[in-house]
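Student: One letter stands for each residue in the lines below.
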Amino acid sequence: MTSAMRWEREQELLHGALEQEPPAREAWLRAAVAGDEALLADVTSLLAAHQAGGLLGEVAGPPRLYGLAADHVGPYRILRPLGAGGMGAVFLAERTTSDVTQVVALKLLRADYAAPQLMERFIAERRILARLEHPGIARLIDAGQAPDGEPYFAMEFVEGTDLITWARQRRLRIDERLRLMLAVCRAVEYAHRQLVVHRDLKPSNILVGDDGRPRLLDFGIAKLLEPDPGGPAATRTLHWLTPDYASPEQVRGEPVGTASDVYSLGVLLYELLADRRPFELDQLSPAAMEQVICHVVPLRPSERAESSGRLLRGDLDTIVMKALAKEPERRYDSVQALDEDLRRYLDSEPVRARPDTLVYRTTMFVRRHRAAALGALLVLASLVGGLVAVRRQAQEAERARDRAEEALQSSQQVSAFLVDMFQTSDARNALADSAAPRAIAHRGVERAEALAAQPIVQARILDALGLVYIGLGQYDTAHALIARGLDQRRTGLGPRDMDVAESLRHLARVERIRSHYSDAEVALREALTIQQEVARNDPAAEIAIVEDLAFLSPYLGSEDESERYRRQALDLTRRYYPDDAARIAERTIQLALILGRRGEYAEAARLMREAIAARRSALGAGAWQTAQAMVQLGDILHDMPAPTAEAESLYRQALRITRAALGDTHLELVHGLGSLAELLRDDGRYAEAERLIRETLDLRRRTLGGDNPAVAESMERLVPLLANEGRFTEAEQLARDSRALWLRTVGPEHTTIAGNIVTLALLRDAEGHTVQAESLMRQAIAMRTRLFSPGHVLIGVHLSVLGPILAREGRLADAESTLVKALAILRAHQRPTHSDVRHTHERLAAVYAAMGRAEDARRQQVLAGN
Amino acid sequence: MERVTFADRSHFFGACAREMRRLLIDHARRRAAGKRGAGAEHVPLENAAAAAQERPDDLLALDEALERLAKLSERQARIVECRFYAGMDVPETAQALGISPATVKRDWTAARAWLNRELSA
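Chains as they are written, first to last, in the numbering used here: chain A, 261 to 1126; chain B, 310 to 430.
Extracted from the complex, chain A is given alone in its bound form (with noise of 0.2 Å):
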């Protein structure tokens, strides 16, 4: 049994096992395994990681992390972490008493709590925080200490996402952001008139359900971990605060009142509306975290946010500087003043608070903290200017190591950015509608813009959006992200860095696309010289280039040179990954292709059928890389001189194991039915044919949008069979559009549109239209010398299409000099046993055949191979 058959069978099993009850699992499993012990074992693992859960979570099991085996807590029994934050862990807990199970969210705080006094203010707290009861408020149910001494809080659970995030991914407009925030705003009111402050504001606390209504948790927590306020000052730091939302007074250790809850909303609404903090601390020392929350004034929402900076202008900008102001005194009085101002700006009515002047800011700043001021002037200008100052000056005298630092600080930005792109996206209508993808893409690159700060950061983003575009088909959008990611990874990183070899390889891959092959191939071997000088180290990234110009030498016309690349990376393969079938069976298909379009054809066979066996030991004969390869020797198997009903039912066995591994919807069928099609077709089985290429153009419309350029791909190929059937208007129309989304994509002058042309070519052919098949086929030979050389074996095969145009029209010495043109570059390129070379030589039998040169057309029959 292969390893991949073994893992199917422990899936049914442990699939089966959860389908029972918890307590008969076992029972269960011992019965399905009937008596494999070591499946049994393995299965029993597995189980054990499924409820244990781990690295993934979601499922997870008793609260390891803190020094607790055991799966109560109190009176609690501990069901999953929900959490985890600076105070300590959350978790999912149940309490049974007599017959009612009540289900809690436990939060267990860190060790280093558990300080003697603070049971006894706990027992003081605790009632006044039951006794809060508020639709927007988590009820506080429970408190206690667990065995060892970690205090506990056990709260109503609530599910939901936390405030900003909601807000964020439902892209809630501003006036909905508002009414969340009046929601938020009542729960605290009311909080207040009991007489608890929360002190903690933050989204974390604030979780909206999927009725979209916010609930507070963690209501008046904070006050109990305080450090008594007549402590030593030095104990006073709050590290568990998260000093993004604040207060001043907070910050600086004083004692904190509703004014402080009004500050941290101001955050929260600051938030909401620009989508930024008002300050990024992250990257502060803690005394320039209290220089900037005590002293700087922030930046206005509406001059920090990127897209709705006009609708915040005016009253909102008042009413959120009026809540952020540094003094309490000087904000709303209540958290109800600062609801009734959110009310009568959605009631379009005038708001209470007044702008402050630019004076009273510049001048309460300076009167109040001479001394900081300058300090803090500093602060706010790196700020503002996205701590690119600061940072450029360290870079000087550490270059190397900001340049790793500045990677690490942002790849959080670049990783926000990525997922940003998928759940701000309508995901599950955006495949079906290809315009999604695109304006995801363009918000992307609009937001790599902001990114300028931080030109490496940005590089790899801009690098890895062309990838996204080329996707699309936007080759020359890719082309252009690409080629700038790479300047300013030569600039920011020199010349020779494997980064810089990265973006060359993409460069390498648009520009093969876009026809600028002698372009692909500069780039291609700077990429190499790059990776063999400076990343010896790294011999994937070594072999990855030499495939890369295996690919691209047919395209510079010499198919010699890609054989000779593609056993380059099979040798490398061999050599550095010894043990890796998986990867050498990979380089062993690329260089059976090769073989195989140059007519070695036993070769390739025999090298494809080791890659299937390889493949199949490794991954199973199910999965669907075996099903690739299968198809790929049914391609080789195909065009070999004898055909063998073999390749046909290799076809259709590897379209069953690629439907059952990957569904009926998976672009990975569209070469299996591409390739059947091609037989069934030379088989005359024109009605299945054409259902196969049906769905290889229904598939990919679908998955990848109609207006890629593989759908034209999928067009193209139905008009020779619909030709065949003499149905011509049909196949006009196909080879029109075809062409038509051709050109959108790749431009006029392009071998797309030269094979494009051939199609047409043929089509006119066979409705007997042989002077305009002439006049096209000369045409795209004309456009395919321009791109490639006049030797190029795809000449080769146009000629050789041509030579019996011309006989048809009668011109037989003409159509006699373009075969032996054709066949002197095919052999130049193809073994002699090539069907292209084949059927050469039987076109020019045919040809003196009709000259009347029988021993001349005999001649050619045996090179044929008849």
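No lab work stands behind these hints: they were computed from the structure. Each hint can be trusted.
No farther apart than 25 Å at their CA atoms in a straight line, the calculated lysine to aspartate or glutamate pairs in the DMTMM-like style are these: (1) B/K380 x A/D302; (2) B/K414 x A/D302; (3) A/K586 x A/E600; (4) B/K414 x A/E268; (5) B/K414 x A/E419; (6) B/K414 x A/E272; (7) A/K1081 x A/E1115; (8) B/K380 x A/E272; (9) A/K586 x A/E509; (10) B/K414 x A/D924; (11) A/K586 x A/E540; (12) B/K380 x B/E427; (13) B/K380 x A/D296; (14) B/K380 x A/E870; (15) B/K380 x A/D924; (16) B/K380 x A/D831; (17) B/K380 x B/D366; (18) B/K380 x A/D839; (19) B/K414 x A/E279; (20) B/K380 x A/E268; (21) A/K1081 x A/E819; (22) A/K586 x A/D599; (23) B/K414 x B/D367; (24) B/K380 x B/D367; (25) B/K414 x A/E286; (26) B/K380 x A/E807; (27) A/K586 x A/E449.
Covered stretches of chain B (chain A as the covering partner; in silico rule of three or more C-beta atoms under 8 Å from a C-beta of chain A): (28) 373-385; (29) 400-409; (30) 415-423.
The C-beta atom is built at its ideal place from N, Cα and C for all residues, glycine as well.
Position chain B relative to chain A; hints supplied.
Tutor: Below, chain B alone, put in the same frame as chain A:
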């Protein structure tokens, strides 16, 4: 070279998920190289981006395990890429990979258990 297949392979979302994985692993590698004090907490990874930042070693181990899983089931590895690295939900993943949501759910459960077992071994 006559057959144009380049666009087939760049299935939009799938490609993005792979790109995302590459970026994060790359980041985790650099991060692991210059890591500060080891984080003792073993809370589950909420998402790959956080993991790359906080626990690069774990993410690298996961990535290696994922390579091994790919050999057992390519589809399951792709699903983990979409779900974990690109943060897609079940319907999004199903769409991106052209498979049914039920298959995604089933495979995700199995793949997760397999990876967790692999990583705890």
